[in-house]
Amino acid sequence: MTAVLTKSTAHSIVEASPRAKAVAGGLVILYAVITILPLLWIVATAFKSQSDAIAYPPKVIFQPTLEGYVNLFTVRTRQTPDFIAKLPPPETWYDKLVRQRDMVIAGPSKVVPRFVNSLIIGFGSTFLAVFLGTLAAYAFSRFRIPLADDLLFFILSTRMMPPVAVAIPIYLMYRQLNLTDTRLGMILLYTAVNVSLAVWLLKGFIDEIPREYEEAALVDGYTRLQALRKVVLPQAVTGIAATAIFCLIFSWNEYAFAVLLTSGEAQTMPPFIPFIIGEGGQDWPAVAAATTLFVVPIVLFTVLLRKHLLRGITFGAVRK
Amino acid sequence: MSEPAKSRDARRVRGLSDRTIAWLFVAPTIALLLAINIFPLVWMIRLSFTSLNLSMSYLPLRFVGLDNFTDILTDEDVWFRLQTTAQFVIWSVALQVVIGYGLALLINRQFRGHSFWTTIILLPMMLSPAVVGNFWTLLLQPQIGPFNYLISLFTGVPPSSFSMTGQVSLAPWTIVLVDTWMWAPYVMLICLAGLRSIPDYIYEAAEVDRASPWRQFWSITLPMTMPFVMLAVLFRAIENFKMFDMVNLLTSGGPGSTTELVSITLKRAAFEKWRTGYSSALAIILFVTVFGAANIYVKALNKVKQR
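Going down the list, the sequences are from chains A and B.
With the numbering used here, letter number 242 in the first sequence gets 242, and the count goes up by one each step, no holes.
Counting the second sequence from 1 gives a position; the numbering used here is that position plus 1000.
None of these hints come from the bench; they were simulated from the model.
It cannot be assumed that every hint is accurate.
Unchecked claim - A few chain A residues that face chain B, going by a derived Cβ cut-off under 7 Å, partial list only:
| # | residue |
| --- | --- |
| 1 | K21 |
| 2 | P38 |
| 3 | F143 |
| 4 | V195 |
| 5 | F294 |
Stated by the list, open to error - Distance ranges between label pairs, derived from CB positions:
| # | chain 1 | residue 1 | chain 2 | residue 2 | range |
| --- | --- | --- | --- | --- | --- |
| 6 | B | P1028 | A | T238 | 18 to 28 Å |
| 7 | B | N1295 | A | F127 | 27 to 37 Å |
| 8 | B | S1161 | A | D149 | 53 to 63 Å |
| 9 | B | I1151 | A | F143 | 57 to 67 Å |
| 10 | B | K1299 | A | F301 | 29 to 39 Å |
| 11 | B | A1205 | A | A22 | 22 to 32 Å |
| 12 | A | R175 | B | N1295 | 30 to 40 Å |
| 13 | B | D1200 | A | V303 | 21 to 31 Å |
| 14 | B | D1200 | A | L40 | 33 to 43 Å |
| 15 | A | I34 | B | Q1167 | 15 to 25 Å |
| 16 | B | S1152 | A | G280 | 19 to 29 Å |
| 17 | B | R1112 | A | D220 | 42 to 52 Å |
To be verified - Counterexamples of contact, computed for chain A against chain B with all Cβ distances above 10 Å:
| # | residue |
| --- | --- |
| 18 | A20 |
| 19 | L27 |
| 20 | Q100 |
| 21 | M103 |
| 22 | V112 |
| 23 | F123 |
| 24 | G124 |
| 25 | T191 |
| 26 | E208 |
| 27 | R211 |
| 28 | A216 |
| 29 | N253 |
Note that beta-carbon positions come from the ideal geometry of N, C-alpha and C, so glycine has one too.
Produce the complete structure using the sequences and hints provided.
In structure tokens form, the structure reads like this:
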């Protein structure tokens, strides 16, 4: 209590008055609540039945059901009640749920392979981009490289192209190389996009590690590579992790390249989700379920990344 | 002078020379970018002088000189799309700056729990614009969507009397609205860093001089955060000029072509009409525009920073 008091008197000139704070807090919380509503609506829709999801007026209170999730993971066929009555009793809770709607599960949907694609392409490209980015960033940070500034700008400028424009020649090139709609093709493409972010961010992080540590290690008889591995990398671990998460989020969320360059084999979640359809249009509970599952990891990552968010979104231009 | 030279020699004995390492480390990145970015770009420049159409790729490649470029630059439709894009960029960035800066000022008052609420506000910008844009189509449905319902609750306008995505007068504002929802936090975060970079003693001095809060804002806060605001504007403007994913799913350019941003035009030319030569030329025009505008802007930004 006393500590708080002394603190507030010491800073009374610049610190906001309690009333000003309360007003600010109220407005920010109001904005935060409004901004989060659409996301809460998504999470809620995933637990609605098809008819509740498109009811008028929109339903805030409803009987929660797992139908959306079941529909997301399965392909179903409509049957006559007679046919369903003749079937042996349902083996699982989801069989039962589906039969209540006069349907029978015909097999798994494509969502799991698409999710796996997102994971493989996301982690693959992140690993490559961070690996290449760390090496390049270390070199840019520690050695005198001719035209370093031009090279760094060149690396960044590759991000200025609209993705649709980049996709045109990539499409032609991949067609020649048989890389269209392959995971390898997407990994290479996302690596190329992410490596520019990785180099810029990691250069900032490595710049902050004092050179003296390495120099001491070199004097002790380490080679450059040993010094990098045993001295620099352990200290850059947080930076590398933050960079990796940024790369992963980019690959995870990317839509333009994915929709233009993949159609089946290598399709990731973003182009897949809008095409989750039921009888008569989008199956909104299933779409919401997919969106929830897709978004939850990102929410967790955002919380983890809080401290480095600013750096990440400005390519390291602004540091705190 | 002789000291570093000696140690360099010594190092070479123990392992690779620094210069070799530098090149070994930089080369893979440069090689990848050359293969995935530069080589295709050069190829695209070549194609932009041809009449290549992928749906008729059996035709021999015919060079048409600058025809594609003159076609595009004299096409009124393309100019309309560029205008639509410019309006989208200007309005969305302006709104984001106003909201983002305002939020940053409020959060900077450090009320209790501000870091929790800041994280909540930041969430939309981390999500996939495509996936979220797709979901907004449900939120904005005239009959069943909660957005129209809420509006009618507050204004009394019947919820089915307007359609945010289907109406010519509203659709351009809808994409601005959703984009602002996603990206105002981005501007906020950068502005907040700007506000926190201002040392307390400047305000203390102003207080001693009895400068009013209003005066303090105009002569201290705003000028000192200007470089940050400009940086945020730069990043947002480039991103929104490239905008494709959210709008493609939310309105796919419609109704008619009221929200057809130039990226969507490009996608239609390249991947629906398969006019590769033409779309390559358009892509190059866009790239030159962004690159040129960004360069001019960065010069202005550096001037502001130096002041």
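Evaluated hints:
With a least beta-carbon distance of about 4 Å to chain B, the hint placing A:K21 at the interface is held under the 7 Å criterion. Here the hint on A:P38 is kept, as its CB sits about 6 Å from the closest CB of chain B, short of 7 Å. Annotation: A:F143 was flagged as interfacial toward chain B, and the flag holds, the nearest CB pair being 4 Å apart, inside 7 Å. Annotation: interface hint on A:V195 holds; nearest CB of chain B at approximately 5 Å, less than 7 Å.
Taken as an interface hint, A:F294 checks out: its beta carbon lies about 6 Å from the nearest beta carbon of chain B, inside 7 Å. Separated by about 24 Å at the C-beta atoms, B:P1028 and A:T238 satisfy the suggested range of 18 to 28 Å. Look at B:N1295 against A:F127: about 33 Å separates their beta carbons, and that is inside 27 to 37 Å. A C-beta distance of roughly 57 Å is found between B:S1161 and A:D149, which places it inside the suggested range of 53 to 63 Å.
The hinted window of 57 to 67 Å between B:I1151 and A:F143 holds, with their beta carbons roughly 59 Å apart. The given range of 29 to 39 Å is respected by B:K1299 and A:F301, whose C-beta atoms sit roughly 36 Å from each other. Checking the proposed 22 to 32 Å range against B:A1205 and A:A22 shows it holds: the Cβ atoms sit about 27 Å from each other. Remark: the range hint 30 to 40 Å for A:R175 to B:N1295 is upheld by a beta-carbon distance near 33 Å.
Look at B:D1200 against A:V303: about 29 Å separates their beta carbons, and that is inside 21 to 31 Å. Look at B:D1200 against A:L40: about 38 Å separates their beta carbons, and that is inside 33 to 43 Å. The hinted range of 15 to 25 Å is satisfied by A:I34 and B:Q1167, whose Cβ atoms lie roughly 23 Å apart. Between B:S1152 and A:G280 the Cβ separation comes to about 25 Å, which falls inside the hinted range of 19 to 29 Å.
A beta carbon spacing of about 49 Å between B:R1112 and A:D220 agrees with the range 42 to 52 Å that was offered as a hint. Its beta-carbon lying about 6 Å from the closest one in chain B, A:A20 breaks the requirement of being farther than 10 Å from that chain. At roughly 6 Å from the closest C-beta of chain B, the C-beta of A:L27 falls inside 10 Å, breaking its exclusion from the interface. The non-interface label for A:Q100 is consistent with chain B: the shortest C-beta to C-beta separation is roughly 23 Å, beyond 10 Å.
The claim that A:M103 is not at the interface with chain B holds, since no C-beta of that chain comes within 10 Å of its own (minimum 23 Å). Every C-beta of chain B lies more than 10 Å from that of A:V112, the closest at about 17 Å, which supports listing it as non-interface. The beta carbon of A:F123 is kept farther than 10 Å from every beta carbon of chain B, the shortest such distance being approximately 17 Å. Residue placement check: A:G124 keeps its beta carbon more than 10 Å from all beta carbons of chain B (closest about 14 Å).
With a minimum CB-CB distance of about 7 Å to chain B, A:T191 fails to clear the 10 Å threshold, and the non-interface call is violated. No Cβ of chain B comes within 10 Å of the Cβ of A:E208; the nearest lies about 16 Å off, and the non-interface call holds. For A:R211, the shortest C-beta to C-beta distance to chain B comes to about 13 Å, beyond the 10 Å cut-off, and the non-interface label holds. Every CB of chain B is more than 10 Å from the CB of A:A216 (nearest about 13 Å), matching its label as outside the interface.
At roughly 4 Å from the closest C-beta of chain B, the C-beta of A:N253 falls inside 10 Å, breaking its exclusion from the interface.
Going down the numbered hints, you'll see the structure goes against 18, 19, 25 and 29, while the others check out.
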